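Student: Here is what each chain is made of, one letter per residue.
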Amino acid sequence: MINATARTYPIEPMEEAFPSRGRVGVFCLIATEATLFSIFVVAYLFYIGKSLIGPYPAQVLEVPILSTICLLASSATIMLAERALRQGYGVLFKGWWFLTILLGVAFLRATAVEWYRLIFTHHLTIGTNLFGTTFYSLVGFHAMHVTVGLILLTLVLILSLCGYVTQTQSERVAALSLYWHFVDVVWIVVFLVVYIIGR
Amino acid sequence: MFALSRSDVCIMNRPIHLTNIFDPASTPAQAIVELSWLVLWICAGIFVIVVGLLTYILIRFRRRRADTDEPPQVYGSNQIELAWTVIPMLTVVVLFLVTTRTIKAVQDAVPSPDTVHVTIVGHQWWWEIRYPALGIVTANELHVPVSHQAQPRPTFLKLQSVDVAHSFWVPRLAGKTDLIPNRDNSMWIEPREPGLYLGQCAEYCGTQHANMLLRIIVHARDDFERWVAAQQQPPVNNPAMQAGRDLFQATACVNCHTVRETNANGTFGPDLSHLMSRATLGAGVVDNTPHNLRAWIRNPQHLKPGNLMPDMQLTPQELEHIVAYLVTLQ
Amino acid sequence: MAFADAPLAQPHVDASRLPLLVQLHYWVVTVDHKRLGIMYICTGLLFFAVAGLEASIMRWQLAFPHHEAVSPEVFNRLFTMHGTTMVFLFGMPIILGMANYLVPLMIGARDLAFPRLNAFGFWLSLFGGMLLYFSYLGGEGLSGAGTAPDVGWFAYAPLTGRAFSRGHSTDYWILSLLVSGIGSVATSINIVTTVLCMRCRGMTLARLPLFVWMMLVVAVMILFAMPPLTAAQVMLLLDRYLGTRFFDTQAGGSALLWQHFFWIFGHPEVYILMVPGFAAVSEIIPVFSRKPIFGYAAMVGATVSIGFISMGVWAHHMFSVGMSVTANSFFAASTMLISVPTGIKIFNWLATMYGGKLRFATPMLFCVGFLFQFLCAGLTGIMLAAVPFNWQLTDSYFVVAHFHYVLIGGLLFTIFAAIYYWFPKATGRMLSETLGRWHFWLLVIGFNLTFGPQHILGILGMPRRIYTYAPGRGWELWNLLSSIGVVFQGLAVLFFVWNVIRALRQGPPAGDDPWDAWTLEWTTTSPPPEYNFETLPEVQSRRPLWDLKHPNDPDGRHE
Numbered sequence: 021m022i023n024a025t026a027r028t029y030p031i032e033p034m035e036e037a038f039p040s041r042g043r044v045g046v047f048c049l050i051a052t053e054a055t056l057f058s059i060f061v062v063a064y065l066f067y068i069g070k071s072l073i074g075p076y077p078a079q080v081l082e083v084p085i086l087s088t089i090c091l092l093a094s095s096a097t098i099m100l101a102e103r104a105l106r107q108g109y110g111v112l113f114k115g116w117w118f119l120t121i122l123l124g125v126a127f128l129r130a131t132a133v134e135w136y137r138l139i140f141t142h143h144l145t146i147g148t149n150l151f152g153t154t155f156y157s158l159v160g161f162h163a164m165h166v167t168v169g170l171i172l173l174t175l176v177l178i179l180s181l182c183g184y185v186t187q188t189q190s191e192r193v194a195a196l197s198l199y200w201h202f203v204d205v206v207w208i209v210v211f212l213v214v215y216i217i218g219r
Numbered sequence: 041m042f043a044l045s046r047s048d049v050c051i052m053n054r055p056i057h058l059t060n061i062f063d064p065a066s067t068p069a070q071a072i073v074e075l076s077w078l079v080l081w082i083c084a085g086i087f088v089i090v091v092g093l094l095t096y097i098l099i100r101f102r103r104r105r106a107d108t109d110e111p112p113q114v115y116g117s118n119q120i121e122l123a124w125t126v127i128p129m130l131t132v133v134v135l136f137l138v139t140t141r142t143i144k145a146v147q148d149a150v151p152s153p154d155t156v157h158v159t160i161v162g163h164q165w166w167w168e169i170r171y172p173a174l175g176i177v178t179a180n181e182l183h184v185p186v187s188h189q190a191q192p193r194p195t196f197l198k199l200q201s202v203d204v205a206h207s208f209w210v211p212r213l214a215g216k217t218d219l220i221p222n223r224d225n226s227m228w229i230e231p232r233e234p235g236l237y238l239g240q241c242a243e244y245c246g247t248q249h250a251n252m253l254l255r256i257i258v259h260a261r262d263d264f265e266r267w268v269a270a271q272q273q274p275p276v277n278n279p280a281m282q283a284g285r286d287l288f289q290a291t292a293c294v295n296c297h298t299v300r301e302t303n304a305n306g307t308f309g310p311d312l313s314h315l316m317s318r319a320t321l322g323a324g325v326v327d328n329t330p331h332n333l334r335a336w337i338r339n340p341q342h343l344k345p346g347n348l349m350p351d352m353q354l355t356p357q358e359l360e361h362i363v364a365y366l367v368t369l370q
Numbered sequence: 049m050a051f052a053d054a055p056l057a058q059p060h061v062d063a064s065r066l067p068l069l070v071q072l073h074y075w076v077v078t079v080d081h082k083r084l085g086i087m088y089i090c091t092g093l094l095f096f097a098v099a100g101l102e103a104s105i106m107r108w109q110l111a112f113p114h115h116e117a118v119s120p121e122v123f124n125r126l127f128t129m130h131g132t133t134m135v136f137l138f139g140m141p142i143i144l145g146m147a148n149y150l151v152p153l154m155i156g157a158r159d160l161a162f163p164r165l166n167a168f169g170f171w172l173s174l175f176g177g178m179l180l181y182f183s184y185l186g187g188e189g190l191s192g193a194g195t196a197p198d199v200g201w202f203a204y205a206p207l208t209g210r211a212f213s214r215g216h217s218t219d220y221w222i223l224s225l226l227v228s229g230i231g232s233v234a235t236s237i238n239i240v241t242t243v244l245c246m247r248c249r250g251m252t253l254a255r256l257p258l259f260v261w262m263m264l265v266v267a268v269m270i271l272f273a274m275p276p277l278t279a280a281q282v283m284l285l286l287d288r289y290l291g292t293r294f295f296d297t298q299a300g301g302s303a304l305l306w307q308h309f310f311w312i313f314g315h316p317e318v319y320i321l322m323v324p325g326f327a328a329v330s331e332i333i334p335v336f337s338r339k340p341i342f343g344y345a346a347m348v349g350a351t352v353s354i355g356f357i358s359m360g361v362w363a364h365h366m367f368s369v370g371m372s373v374t375a376n377s378f379f380a381a382s383t384m385l386i387s388v389p390t391g392i393k394i395f396n397w398l399a400t401m402y403g404g405k406l407r408f409a410t411p412m413l414f415c416v417g418f419l420f421q422f423l424c425a426g427l428t429g430i431m432l433a434a435v436p437f438n439w440q441l442t443d444s445y446f447v448v449a450h451f452h453y454v455l456i457g458g459l460l461f462t463i464f465a466a467i468y469y470w471f472p473k474a475t476g477r478m479l480s481e482t483l484g485r486w487h488f489w490l491l492v493i494g495f496n497l498t499f500g501p502q503h504i505l506g507i508l509g510m511p512r513r514i515y516t517y518a519p520g521r522g523w524e525l526w527n528l529l530s531s532i533g534v535v536f537q538g539l540a541v542l543f544f545v546w547n548v549i550r551a552l553r554q555g556p557p558a559g560d561d562p563w564d565a566w567t568l569e570w571t572t573t574s575p576p577p578e579y580n581f582e583t584l585p586e587v588q589s590r591r592p593l594w595d596l597k598h599p600n601d602p603d604g605r606h607e
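Chains as they are written, first to last, in this note's numbering: chain A, 21 to 219; chain B, 41 to 370; chain C, 49 to 607.
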C-alpha cells in the first residue's frame with residue numbers, strides 16, 4: 021500500500037469546471053447523427069438528374085414554406101420554454117413546450133399530406149426511380165427524427181404536468197432542446213438540397 | 041503451340057505458368073515494375089534502419105540482473121523529433137511525385153490508329169470478349185497481336201459488366217482494372233513477346249469467382265491475322281451433323297447461346313460459333329475436349345458447382361448428337 | 049498526489065461464496081465499467097476463437113490445389129464470416145472493453161459517464177454478434193439459397209442486391225452489424241463524455257495518460273466513421289425490401305457509391321482497431337524500459353493527425369475501379385501522408401526504449417514483436433499507396449498479407465501485451481511467465497509462417513477470396529507453408545488459454561503494483577473495489593506514481 025500524506029480539507033471533484041455530461045453526450049450524439057444525415061444528403065446530391073424515368077423533381081415538388089416556418093418557429097418556442105424553466109416559470113414553460121409540440125406535429129402533418137399527394141397523384145414511390153429513392157429516404161429519415169423528438173418532448177410534457185420537471189431539471193431539458201435544434205438545422209439543409217438545389 | 045517464355049517452367053513435362061508481376065511482358069506492366077523498384081528500395085532502406093536500431097536497442101539496453109536503479113528520465117528532444125518528421129515527409133514527397141508520373145503514363149495513354157479495340161463484358165463467371173471493329177465475339181480467351189518497338193500495336197480494352205463487379209487481372213501484362221455494371225472502364229496492354237499469359241478475375245463476384253480464368257494469347261503478326269480470319273468465318277455447317285444441329289436449335293440451348301447464322305442468338309451464355317477453337321471450357325475449369333464437353337453438358341454443376349448453366353435434362357442419345365454437332369464448331 | 053485520512057472500512061463479502069445464480073445475475077444486471085469491460089473482452093475473445101476456427105478451415109482447403117475439403121459455397125461463407133467476425137465481433141468489443149475497463153481507472157473516476165448506457169452498448173454488441181451467427185440456422189430464405197452471409201466482409205453492391213443474394217443471408221449481415229454498430233456508438237459517446245467531464249483533480253488534458261488520449265481519439269473516430277456504414281446498410285436494406293434504387297445499376301444506381309460509403313467507414317475503422325493497440329503499447333513500453341514516453345506531445349499530435357487524415361484516405365481501397373488521375377493522385381498523397389505520423393510513433397517508441405533498462409517480461413515481448421511486425425505492415429502499406437504498384441497488388445494475397453500484418457502482427461500482439469499487463473490488475477493474479485513465453489514464440493513463428501509467404505503469393509498473381517486454385521501456377525509451396533503456420537498459431541492460443549485458466553485458479557497474488565508502474569490504476573487494489581478508489585485522487589503530473597516513488601524528482605518539473 022502506498023504511503024499517504026495527511027490532508028486537512030475535503031477533496032472536491034474537478035467536475036464543476038467541466039461542461040455537463042448531458043450536454044457533452046448530446047453533442048456527441050448530434051455529431052454522429054449529423055454524419056449519418058450527410059451520407060443521405062451526399063446520395064441525394066449524387067443522384068440528382070440521374071433518374072432514368074420520371075416523375076422528376078421539377079414536375080412534382082412544391083416548396084413547403086409553411087411547414088418550414090412551423091419547424092423553425094418551434095426552435096424559437098423551445099428556446100423560450102427553456103428560458104422560462106431556467107427562470108422558474110413552470111406554467112410558461114409548459115405553454116411554450118406545448119406550442120413546440122404542436123408546431124412539430126403541424127410539420128409532420130404537412131409532410132404526410134405532401135407524401136400522399138406524391139404517391140397517389142403523381143405515382144412517385146420510393147422504388148419508382150432514383151429521385152423517389154433518395155427523396156423519401158432523406159425526407160423520411162428526417163421525419164423519423166422529428167417523430168422521435170416529438171415523443172421525447174411529449175414525455176417531458178407529461179412529466180412536467182405530473183410535477184416532476186422543475187427548475188433544477190433545466191440542464192436536462194436543455195440537452196433535449198439541443199437535439200430539437202439539431203433536427204431543425206438538418207431540415208434547413210434538407211430543404212436547401214431537395215427543394216432548392218435539386219429541383 | 042506457343043513458345044514458353046521465361047516465366048514458363050517445365051516440371052515433369054507439365055508447363056508451369058508463373059504470373060509473376062516482376063516479370064512484365066507488356067508496357068504498362070513494365071512501367072509498374074520500374075516504379076515498384078524505387079518503392080522497394082525506399083522501403084528496404086527504412087526497414088534496415090529501423091530493424092537495425094531496434095536490434096541494437098534490444099541488445100545494448102537490456103537490464104542487467106542486479107541493476108535496480110532507474111535510468112536517466114528523458115522526456116523528448118525537439119531537434120530529433122523535428123528531424124524524424126521532416127525526413128519522412130521529404131521521402132513521401134519524392135515518392136508521391138514519382139507515383140503520379142507513372143499514374144499519368146498508364147492512365148493517359150492514347151490509342152494509336154493501329155490499336156486493336158476489344159470490349160470485355162464480365163458475367164458471372166465467364167468473360168465475353170468482343171472485337172467490335174472485326175465483328176468477332178468469343179469467350180474467355182483474348183487473342184491479341186504482339187507489339188514491337190518499331191511498330192507498336194497495343195490493345196485497348198473497354199471493360200463492362202452485366203451483373204456484379206469483376207476485375208480483369210493478367211499480372212504479366214498490366215495492373216488490374218475492375219468491371220463495374222453501369223460503368224465503362226478502360227485499360228490497355230502492349231505485349232512484347234508472343235505466348236500464353238494467364239490471369240483471372242480479381243474481384244469477388246460470387247460462388248465461382250475462383251474459376252473465372254483468363255487466357256491471353258499473344259500472336260505474332262501474321263498469326264493474329266489468321267486467327268481473326270478464322271473467327272470471322274461463319275460457323276461450320278457440316279451436313280452430316282444435321283441431327284445434332286436441329287436438336288440444338290430446338291432445345292433451350294438457343295435461349296442462352298449464340299451460333300451465328302442459326303436461330304441461336306442468346307447472349308446470356310458464351311458465343312459458341314467457334315467453340316472448339318478455344319482451349320478450355322467453363323472459363324478455364326477444364327480442357328476443351330469432346331469428353332469434357334460431354335461431361336459439361338450432361339451435368340454442368342458437377343464441373344463448376346453453382347454456375348448458371350442448368351442441367352439440360354438430355355437423354356444420352358440427344359447428348360451424343362449435340363456433342364457431335366458442337367465438336368464441329370471449329 | 050494526495051489521499052484523505054483513514055481508509056473507508058470495507059464490508060467484507062466473499063463474492064465467490066454467493067450462490068451461482070446470484071453471481072450470474074450480478075453479471076447480467078451490472079453497470080460497473082470493470083465488469084462490462086471484462087464481459088466485452090471475454091465476448092471478443094470468444095468470437096476470436098470462432099473466427100480463428102473459420103480461418104483454419106479455409107487454410108486447410110487452400111493447403112492443396114483443387115482440394116475438395118469444403119464446397120465453394122461453404123468457403124465463401126467462411127471468409128465472409130471470418131472477416132466480419134474479426135472486425136466487428138472481436139476487434140470492436142476488445143477495444144471497447146479495454147477502454148471501458150481502464151479509462152475511468154486511469155483518470156481517477158468511479159465509472160463511465162453513463163453507466164446504464166454502457167451496459168446497453170455491451171448487450172447490443174453481444175446480441176448483434178449472436179444475430180450474425182444465428183444466420184447459420186435461420187438464413188435460409190429461398191430453399192437452398194441461404195445460411196450465413198457469403199458476400200465478403202465489405203459486401204460490395206450489386207452482389208448484395210436481391211437479384212444476386214437471394215434468401216436472407218445478406219440481411220443477417222446487415223442487421224447484426226446495424227445492431228452492434230449502435231452499441232459501439234453508444235459506448236463511444238460514453239468514453240468521450242467521461243474523458244471530457246470526469247477527470248480527477250489536477251488532471252488537465254495535458255496530463256492524461258497516452259492510453260486515455262488515444263481512446264478519446266478512437267471514440268471520436270467511431271462517432272464519425274460508423275454512420276457511413278449505418279447509412280449504407282440502411283440503404284441496402286431499403287434496396288432489398290422496399291425496392292429502392294440506391295445500388296440498383298439497372299435503374300441507374302451506382303455500384304461505386306456503396307464502395308465509397310463503405311470505405312469512408314472502412315478505412316477509419318482499421319485505424320479505430322489499431323490505435324487502441326498503440327495506446328496499450330504506449331503505456332507498456334515506458335514501464336518496461338523504465339523511462340517516460342519519449343515525446344508525449346508529439347504522440348498526442350500524431351494520434352490526432354492520424355484521426356483526421358484517416359477520414360481522407362478511403363479511396364485507396366478503390367484504386368482499381370477506374371477513378372481519374374486526379375482522384376488517384378489525391379488519395380495516393382493522403383495515404384502516403386498518413387504514414388508520417390504513424391512512423392513518428394514507431395520512432396518515439398524506439399526512443400523510449402533507447403537508454404532505458406529493458407525488462408523482457410511477457411507484455412514487453414509482445415510489444416517488441418509488435419514493433420517489428422507493424423513496421424513490416426507499414427512498409428507494405430507504403431507499397432500499396434504507390435497507385436500503379438497497387439494495381440498489381442490490390443485484391444491479391446499481398447493485400448491479405450498486409451492487413452494481417454497490421455491486425456495480427458500489430459493489433460493482436462498488442463492485445464496480448466495488454467492482457468498480460470493488466471490481467472494482474474483485473475484479477476489479482478499473475479499470469480505465468482513461462483507459459484507466456486511459449487505463447488509468444490509459438491505465435492511469432494506461426495503468424496509469420498502463415499502470412500509471410502502470402503506476400504509472395506500476391507506477387508505471383510494469386511487473387512484473394514478464391515476457394516481453390518489450379519496446380520501449375522507456382523502457388524502450391526507457399527499455400528502449404530501458409531497453412532502449416534496455422535498449427536503453431538493454434539498451439540499458441542491454447543497455451544494462452546491454459547495460462548489464463550491456470551492463473552485464475554492458482555496464480556500467485558499480484559498485489560497493487562506488480563510491474564512498478566506509474567499511472568493511477570496501479571494505486572488501487574487488484575482487483576479494484578467496485579468504487580475504484582477509496583478517495584478520488586489528485587495528480588500533479590503525467591506519472592502520479594512516479595512522483596510518489598521519487599519525491600525528490602517529480603515529473604511535473606520536466607513536463
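Hints listed in this document are in silico derivations from the structure and should not be mistaken for laboratory results. It is possible that some hints are incorrect.
When the alpha-carbon atoms are kept at most 20 angstroms apart in a straight line, the in silico EDC-like pairs for lysine to aspartate or glutamate are as follows [as the list claims (entries may be wrong)]: (1) C/405 <-> B/168; (2) B/144 <-> B/74; (3) C/597 <-> C/560; (4) B/144 <-> B/107; (5) B/144 <-> B/224; (6) C/597 <-> C/607; (7) C/597 <-> B/109; (8) C/405 <-> C/481; (9) C/597 <-> B/74; (10) C/597 <-> C/561; (11) A/70 <-> B/265; (12) C/597 <-> C/586; (13) C/597 <-> B/224; (14) C/405 <-> B/224; (15) C/405 <-> B/109; (16) A/114 <-> A/53.
For clarity, every value in this text was computed on a predicted model and none was experimentally measured.
Student: With reference to the structure, classify each hint as holding or not holding.
Tutor: Okay, the hints, checked on the actual structure:
1. C/405 <-> B/168: This hinted pair is violated, its Cα atoms lying about 65 angstroms apart.
2. B/144 <-> B/74: Roughly 14 angstroms separates the two Cα atoms, so the pair holds.
3. C/597 <-> C/560: Judged against 20 angstroms, a Cα distance of about 14 angstroms means the pair holds.
4. B/144 <-> B/107: Status violated; Cα separation ~59 angstroms.
5. B/144 <-> B/224: Distance of about 19 angstroms is within 20 angstroms: holds.
6. C/597 <-> C/607: holds (17 angstroms)
7. C/597 <-> B/109: With Cα atoms ~13 angstroms apart, residue 597 of chain C and residue 109 of chain B stay inside 20 angstroms; holds.
8. C/405 <-> C/481: Holds, because 19 angstroms separates the two Cα atoms, which is no more than 20 angstroms.
9. C/597 <-> B/74: violated (58 angstroms)
10. C/597 <-> C/561: Satisfied, since the Cα-Cα distance of roughly 12 angstroms is no more than 20 angstroms.
11. A/70 <-> B/265: violated (43 angstroms)
12. C/597 <-> C/586: Given pair residue 597 of chain C, residue 586 of chain C holds - Cα atoms ~15 angstroms apart, limit 20 angstroms.
13. C/597 <-> B/224: Roughly 68 angstroms between the alpha carbons, so the hint for residue 597 of chain C and residue 224 of chain B is violated.
14. C/405 <-> B/224: This hinted pair is violated, its Cα atoms lying about 60 angstroms apart.
15. C/405 <-> B/109: holds (9 angstroms)
16. A/114 <-> A/53: Violated, at about 28 angstroms.
Taken one by one, the earlier hints fail for this structure at numbers 1, 4, 9, 11, 13, 14, 16, listed in ascending order.
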